[in-house]
Amino acid sequence: MIESRPIDKLLCHAVLVLGVLFVAFPLYIALVTATLTAQQAIQVPLPLAPGPHLWANIVDVWQHGAGNAAYPFGTMMENSFIMAIGITLGKLVISVISAYSIVYFRFPLRNVFFWAIFVTLMLPVEVRIFPTVSVIANLRLINTYGGLIVPLIASATSTFLFRQFFLALPDELVEAARVDGAGPMRFFWDVALPLSKTIIAALFVIDFIYGWNQYLWPILATNVPQMTTAVVGVKAMMGNGDVSTPWQLVMAATLLTMLPPLVVVMAMQRWFVRGLIESEK
Amino acid sequence: MEEQSPFGGATHFVGLDNFRSLFADPRYLGSFQTTLVFSALVTVSGLVISLVLAATANRVGKSKPIYQTLLIWPYAVPPAIAAVLWSFLFNPSIGLITYGLEKVGITWNHAINPGQAMFLVVLASVWQQISYNFVFFSAGLQAIPKSLSEAAAIDGAGPLRRFFDIVLPLLSPTTFFLLVVNIVYAFFYTFPVIDAATGGGPVQATMTLVYKIYLEGFTNFDLGTSGAQSVILMAIVIGLTVIQFKYIERRVQYG
Chain A
1 MIESRPIDKL LCHAVLVLGV LFVAFPLYIA LVTATLTAQQ AIQVPLPLAP GPHLWANIVD
61 VWQHGAGNAA YPFGTMMENS FIMAIGITLG KLVISVISAY SIVYFRFPLR NVFFWAIFVT
121 LMLPVEVRIF PTVSVIANLR LINTYGGLIV PLIASATSTF LFRQFFLALP DELVEAARVD
181 GAGPMRFFWD VALPLSKTII AALFVIDFIY GWNQYLWPIL ATNVPQMTTA VVGVKAMMGN
241 GDVSTPWQLV MAATLLTMLP PLVVVMAMQR WFVRGLIESE K
Chain B
1001 MEEQSPFGGA THFVGLDNFR SLFADPRYLG SFQTTLVFSA LVTVSGLVIS LVLAATANRV
1061 GKSKPIYQTL LIWPYAVPPA IAAVLWSFLF NPSIGLITYG LEKVGITWNH AINPGQAMFL
1121 VVLASVWQQI SYNFVFFSAG LQAIPKSLSE AAAIDGAGPL RRFFDIVLPL LSPTTFFLLV
1181 VNIVYAFFYT FPVIDAATGG GPVQATMTLV YKIYLEGFTN FDLGTSGAQS VILMAIVIGL
1241 TVIQFKYIER RVQYG
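Residue numbers (the working numbering), protein chains in the order written: chain A, 1 to 281; chain B, 1001 to 1255.
With the rest of the complex left out, here is chain B (with noise of 0.2 angstroms):
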């Protein structure tokens, strides 16, 4: 609610102005939409996934820790190597997959391409997360008796019947919870991923309100702005925890 000339040497009140002139900002506003749709991106690809993979490592049996230990490593993977990693394969002059690309007929050069950036991003992102949605959807599925699986399957119902009919909706609690972590991660801990794949470009394509946060604070020292976007995201968060608590204690009831 203050400005502050970049030096710190001059402060003065403003009270809302900040605020105002951020939601008048059609790039604030903008950035806004980005992050939503890089989240839902993220949450939904890499919840699909990792069920599937879950839910298909539960039917292995034997091999299922073998295959296991395979997924989860990439928990370990620093966010940003990640991104690194993904942008190397998908360099626009030199990287493999780019190559690949070529050879049906597309070109890719996410330098450019607001699409293709958004898609690195999220491909970096994802391939990130699948291993700790992969963790839980397993721990969640493990704790759903056989007994059941089974009796419907003498009721006549097929593996992918039972999977939509008992398994996924025992799962909800799971998913739920995995949906707003999911969100969380998206909107908060992706910073590394879009700070080394595209800094926020082309043409902010990628700019999520974290990046824009640390990109107009740190770089065009506007402490004013800056600090405003991060009250509204502290609110967001704020909000996201109180959803996920509520969640909690209902499931405490039911467990």
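Excised from the complex, chain A in its bound form (with noise of 0.2 angstroms):
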């Protein structure tokens, strides 16, 4: 063990709790001004201590939204939470049948395949943003649940994760598997996907979090509020962020917001670290 003098420690501490303090900072302030009244949440200073009207202003901007987002957050969460768990879903079970198939099929192309997902799919939607539209425009999928989920499930990382860890996974398992009679479905089924259950929970972690955050697509996709996610409604309530803006009820849906990937991320946050690191090997 190195020396450790106090001082040492002492200092380091402090550039952590500083650090903390820079993370938190902003959380801190919109739970503080989602606590407290319009009057109150535009005076300046900002008061520091929270007040008694949380509850309030959740059930009010749950019910009837704020500024340009006049429509109520609820349906927002809703639409987000659909959205992100049918990225995370299609994720999954894409990436996951096109290693399988890369992996343990010989094919024609099999190669071109494998490039072909892991070059297109390198591209962020920012890249590719009007062929997407236009074909989703083209498909009628506009302000659909289809038009917001399908553009984002094809996952070239996911594939590719996937891909290593059936690669390394032993021939003698598919040996043994095959000596006792078992096909490729029953392969899949009985041994390979539950040998991937950390590397599915990892993933699930990781997507679900993309699918949540998504800012560009839902803006493009969806056009009426009855289908606008919780993201791009908070910034469509913000507006200009003038003086007029509710930010007591804006930071209200800050909050409620951040909340499931919070959750997912806590929850999960032994998978969710090994699967980051993991997943950009």
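Everything labelled a hint here was simulated from the structure, so no lab data went into it.
All values derive from a computational prediction rather than experimental measurement.
Virtual Cβ for every residue (Gly too), placed ideally from N, Cα, C.
Covered by chain A, per the in silico footprint, the following chain B stretches (three or more residues, Cβ under 8 angstroms):
no., stretch
1, 1047-1060
2, 1130-1144
Straight line, CA to CA, 25 angstroms or less: simulated PhoX-like cross-link-like pairs of lysine-lysine:
no., chain 1, residue 1, chain 2, residue 2
3, B, K1064, B, K1146
4, B, K1146, A, K9
5, B, K1062, B, K1146
6, A, K9, B, K1062
7, A, K9, B, K1064
Beyond 12 angstroms from chain B on every Cβ pair, some chain A residues (computed):
no., residue
8, P170
9, D171
10, P184
Since each chain comes alone in its own frame, lean on the hints to assemble the complex.
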């Protein structure tokens, strides 16, 4: 063990506490603002102690929305939820199947497919917005959950991750399964899938956050308030950010929006950290 | 490579005209420069802050997991929400930090001042990205054998010396990887931050390449120019991906 002077330790803790404060400060202010009345929220300077109106603000914004997004925020949360879950499940299913077929089946153009998946999907939606929007518009999927979800479920990273994992499975497993008379489907359900449980958990966290946090795509794929997602809704509520913005409601909506991804990350922190690191190898 | 009227009525082939006019356009070149400045600021400050935090967290022993949990959570915050939070704090008329700055004699209005607008979007992006970098630096630091630092300590190297001469060089694969990831993040994934915090303004001060594509395609309906910009951006992503791959291959050899 290296010598550790108390002053060193103290300094380390000081730096870390500073970091935590920097990270937590905006959240605390959001929390406080969400507990104030409309008058208090635009007071200069903002009161630093929480008030008693948190629940009232949350109920208000949940039922009526606020500002330029005067539509029940509950609906937007629901849309976000459906979109995030849809994207997560879609990504997992598609990538596990395509990785399985690439690793365990020999068919013509196998490598071409692999690279096609890889190269095309490296491109973020932000870069390929036009083609994607026009495809979705031509399919009449604007303002549907399908339009929100389908263009985002193809995932190169997840496919790659599953591929690496399947490649690392020992050949003896396949041989043993074949000796026991298992076909490819049986092997998939009874061996490959159960073994990849941890990867699936890790990808679940990452993909859920990816889906929940989408911003540009929901703006383009929807144009009616009943299909807006929570993140887009909050931004719309803020408007130009002038004094007329009902900040206490915006911040209540902000808290609600942050809650699901935070819960997922905190509850699955172990898998999440591992998944994050694995998926980038 | 085509020119199209906004409602898609007429399309005709114009060859490389869109590209030529782009590179002759000072505003496009300006946006290139803005993107470079923005990415450099986000990448460098994000990496430095998270490296300092990860390195100190690695030294505190028992309480490390607590700090880790407290530092990781912004990863879950949607980028647009991060921008909303920080714009509220820096709101020109009612923001808490604006008020504090006023007290020390600085007038803050990012709707007018280009430098301040840039600072705001960099701050929100860095705040969001720290947790991600932190996770990777922590993992990288954990992989460095303790015995190396101990040997150096026996030879009389102080904590700072040990950090710069042993830890930092051994951490360089992680750092390089994060460098690429952060540049990609700053280039492409900061659209929500910019849209929610500044909307590319004031006067193009925070107009990054991705934001410009969006604005020209969907607000000005200039699909040809916008498409040409997409193609250029695509070339940049592919370039960055290739760099990352080369590096991964190298790491496999060394590992």
